[in-house]
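Student: Assemble the whole structure, with the sequences as input and the hints as a guide.
Below are the chains, spelled out letter by letter.
There are 2 protein chains.
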Amino acid sequence: MKLTAISLSLLAFFAILFSGGSKAPHHEQVKNIFHEALTDGQSYEMLDYLSNSIGGRLSGSPQAAAAVEWAKQTLESLDIDTVYLQECMVPHWERGEKEKARILSDWIGQEDVQVCALGGSVGTGDMGITAGLIEVAHYEDIAKLSPAAVKGKIVFLNHPMDQAHYDTFHAYGECTAGRYNGAPEAAKMGAVGIVIRSLASGLNDYPHTGSMGYQDGIKKIPAAALSTAGAEYLSALLKHDSDTRLHLRMTCQQHPDALSYNVIGEIRGTEKPEEIVLVGGHLDSWDLADGAHDDGAGTVHAIETLRLFKDMNIKPKRTVRCVLFMNEENGQRGARKYAAEAKAKGENHVAAIESDRGGFAPRGWKVDAEDKAAIAANIDFIEEWLPDFKEYGVYDVEQGFSGVDIKHLKDQGTICLGFFPDPQRYFDYHHAPNDTFDKVNQRELELGAGTVASLAYVFAEYGKAGPVGSR
Amino acid sequence: MKLTAISLSLLAFFAILFSGGSKAPHHEQVKNIFHEALTDGQSYEMLDYLSNSIGGRLSGSPQAAAAVEWAKQTLESLDIDTVYLQECMVPHWERGEKEKARILSDWIGQEDVQVCALGGSVGTGDMGITAGLIEVAHYEDIAKLSPAAVKGKIVFLNHPMDQAHYDTFHAYGECTAGRYNGAPEAAKMGAVGIVIRSLASGLNDYPHTGSMGYQDGIKKIPAAALSTAGAEYLSALLKHDSDTRLHLRMTCQQHPDALSYNVIGEIRGTEKPEEIVLVGGHLDSWDLADGAHDDGAGTVHAIETLRLFKDMNIKPKRTVRCVLFMNEENGQRGARKYAAEAKAKGENHVAAIESDRGGFAPRGWKVDAEDKAAIAANIDFIEEWLPDFKEYGVYDVEQGFSGVDIKHLKDQGTICLGFFPDPQRYFDYHHAPNDTFDKVNQRELELGAGTVASLAYVFAEYGKAGPVGSR
Chain U
367 MKLTAISLSL LAFFAILFSG GSKAPHHEQV KNIFHEALTD GQSYEMLDYL
417 SNSIGGRLSG SPQAAAAVEW AKQTLESLDI DTVYLQECMV PHWERGEKEK
467 ARILSDWIGQ EDVQVCALGG SVGTGDMGIT AGLIEVAHYE DIAKLSPAAV
517 KGKIVFLNHP MDQAHYDTFH AYGECTAGRY NGAPEAAKMG AVGIVIRSLA
567 SGLNDYPHTG SMGYQDGIKK IPAAALSTAG AEYLSALLKH DSDTRLHLRM
617 TCQQHPDALS YNVIGEIRGT EKPEEIVLVG GHLDSWDLAD GAHDDGAGTV
667 HAIETLRLFK DMNIKPKRTV RCVLFMNEEN GQRGARKYAA EAKAKGENHV
717 AAIESDRGGF APRGWKVDAE DKAAIAANID FIEEWLPDFK EYGVYDVEQG
767 FSGVDIKHLK DQGTICLGFF PDPQRYFDYH HAPNDTFDKV NQRELELGAG
817 TVASLAYVFA EYGKAGPVGS R
Chain H
367 MKLTAISLSL LAFFAILFSG GSKAPHHEQV KNIFHEALTD GQSYEMLDYL
417 SNSIGGRLSG SPQAAAAVEW AKQTLESLDI DTVYLQECMV PHWERGEKEK
467 ARILSDWIGQ EDVQVCALGG SVGTGDMGIT AGLIEVAHYE DIAKLSPAAV
517 KGKIVFLNHP MDQAHYDTFH AYGECTAGRY NGAPEAAKMG AVGIVIRSLA
567 SGLNDYPHTG SMGYQDGIKK IPAAALSTAG AEYLSALLKH DSDTRLHLRM
617 TCQQHPDALS YNVIGEIRGT EKPEEIVLVG GHLDSWDLAD GAHDDGAGTV
667 HAIETLRLFK DMNIKPKRTV RCVLFMNEEN GQRGARKYAA EAKAKGENHV
717 AAIESDRGGF APRGWKVDAE DKAAIAANID FIEEWLPDFK EYGVYDVEQG
767 FSGVDIKHLK DQGTICLGFF PDPQRYFDYH HAPNDTFDKV NQRELELGAG
817 TVASLAYVFA EYGKAGPVGS R
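As they're listed, the protein sequences go chains U and H. Mind the numbering: the first sequence is residues 367 to 837 in this note's numbering, read in order. Mind the numbering: the second sequence is residues 367 to 837 in this note's numbering, read in order.
Just so you know, these hints were derived from the structure itself, not from any lab. Yeah, the Cβ is synthetic: ideal placement off N, Cα and C, and Gly gets one too. Warning: the hint list may mix true and false statements.
Said to hold, decoys possible - Covered, in the sense of this in silico footprint (three residues per stretch, anywhere, with C-beta under 8 Å from a C-beta of chain U), are these stretches of chain H:
1. 393-405
2. 758-766
3. 781-794
4. 809-820
Tutor: Right, dumping it as structure tokens:
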């Protein structure tokens, strides 16, 4: 009897040593990370400071410089292995005075609607422009208009986000071409300006900005976004009276590129320090609000990951590096610089995690990589951990877009992992004057921090999976 | 070759006819219901009216009467088979003037903190009470105090909700005994009043009310809730100076029971009209705010279910009945009356769905029944449908508490189904002055309506599963 009991104990011991049992402490650690994030988290306090004491931080602005200094000091206060700045030149665009859009109608007289310049737009001149309107429902329709009908007018692109999609990013993606390329397309037809319906889920008076571009050799015309309520109203008036005109005034202007920085901090790996697990968000934001969700949330998720590791005395096998990218919103200069330097130095980023979909309750992960087999292998790998994550509402892992900043690492064999929180509210606040701290729920933000930190931990312990993996 | 092709076609035909293929149109219908709820939903507009044009609607109040009339008219406007009121007598408690809680301290002088009476509490008399304090961390600790230490004092129950739980209802459940039974327990020890820390997730100045009770033969002492920030402050002062006192003034009072109503509407089943699938929420709310989440959301989820069925021309096999219960918050009189009448009439409620966890993005279902095997069978049944629901973020079905109103049907063999939306924000608003319409996101509310309506549809088509089922 006694011998049998000892044999059983030994069997159990070896089973733990050589089987999945060796993973158990790591699974326990995921729980510990979430517990710490929820009960003693610091992400919410950090975001309060970034949102309310610094505010909107468009590339090249004084607030962007303040954000760089704050991020550096915050990372330094963690007493981690390395904190440094990485220089990058960024576009410097300024909105100027509050924009004006005034409908001029023989039917209702005049009515102001809420408007904002799209980022990168030229101004209208001090007296503004006043012109008739031609409405289109889709970006592709602009090229189908007759130049005679467009000449001298303002194109009004009124494309609502499709509410039928569960994933609001899907609906958003269907509308972005018009925001980015609408101005040159309209200019080719002889338009003097373009106003688009804000890319937003709700129907209200907030205008939503976002980046736009021009094309070489095509006249640069002013580009602006009307609030969704304003767009509905204008569209109704145009149906009643096609002679309805719009007065638009914007004093925005482009300055020479400015010097700015990515902010980087890391905890070096104990066993494979040359293998890097990146955790990132972007430090810049649009200027209309505080950028609390976009991407203050991702910024503090990334910093909090290192803070959790440090305060919980987690010593990762691989290097965990927090990268706060500059200029995601209107140029991706920080991300391009980072990826180029990583390649030049021959750095090995096994995985990169980006949080740039807001500080909402976590739902899942989007996995991307250059190699299809690597995507499948790493989805399988994360699925092994889903039971741990599901306890905290994270139930989904699938192939999908990872993030604007980390995608530049894809061609270096990096597994790119996009944090996917609940998407229902994001486009209520995205790029709009109401993207403020009070729209962030503390527990949702902290659950996001726990999710990001836990996945960083898993990849730091195990590396990436699959054919190109190093496990 | 030709024959073979025909055989294959026939095989495919029969496969569709006799296998899971027969289910396909029903799965398609789930998608259709969500599509309609998201693109042409009316739940948000209904909730706007209930919240902003009627407001807080505590049982016995004029607003509760208005809510009954509004619900009846709204259901009638759907042109469904039956709409009727079911009488019930309800408690009628009034808060009176805005409560006052003033800390009196030799150290800091005086400081007001935010407070509200717990529902059902007696008042303090017009001059209020002023007394020393004795702080406890847990409800159970009250009975362990020495009567000499408590006599003439106000018991201060300072039990924070545990942030470690993902499910905030779990944390809430750990604190409710103190709110409900704290007053008689404190009175037994000679206390002159009790103030509790609000049952809330966040740290702020909102006090959260909720029902409390007295015990026969035990002196009724005033019971109130301090905001979480107020509780933290008071606790810190008491640590510094145990002689810190509190002045508390509340003019609340209990009136005789009042006549009120459950509001009921139904679409009769085409094949098994005697089998009822109930969809419910509660029409009453606390008085401090508009009750937009608690339970305006559940109310419009239930009405919207019938509206969707009607407008989409869905003719359910079983009867789908919307029940808007009166007096969930402080008595459950409506629910008790409904269940008693159902039993007396011998009605057969195969399933009952309740939405009373707010208008947040849906996550899953809690399944309850008298019979364990029935719980398991119906979890399995719902799991068959999870792939359809998962498209809309609903991933979880498990045994758990269904709802305060429908639980009274459990002993009639009913499968009780609790709608479970994301729980992170609920206890920011629950029973507090900030439970207002602006805290509800349209898409989240509409996804909830789609989830409730879809599950009602599934049970209306298939009935309940398992050993007590009728499939």
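Student: Counting residues of the region 809-820 of chain H whose CB is closer than 8 Å to a CB in chain U, do you get three or more?
Tutor: It holds: at least three residues are needed, and the region 809-820 of chain H offers 3 whose Cβ sits within less than 8 Å of chain U.
Student: Establish whether the coverage given for the region 393-405 of chain H by chain U is satisfied; the threshold is a Cβ-Cβ distance below 8 Å, and no fewer than three residues must meet it.
Tutor: Holds, because 4 residues of the region 393-405 of chain H bring their Cβ atoms closer than 8 Å to Cβ atoms of chain U.
Student: How does the coverage statement for the region 781-794 of chain H fare against chain U, requiring three or more residues with Cβ below 8 Å from a Cβ of that chain?
Tutor: It holds: at least three residues are needed, and the region 781-794 of chain H offers 4 whose Cβ sits within less than 8 Å of chain U.
Student: Can you tell me if the region 758-766 of chain H counts as covered by chain U, using C-beta to C-beta distances under 8 Å and a minimum of three residues?
Tutor: holds (count 4)
Violated hints: none; the structure is consistent with every hint.
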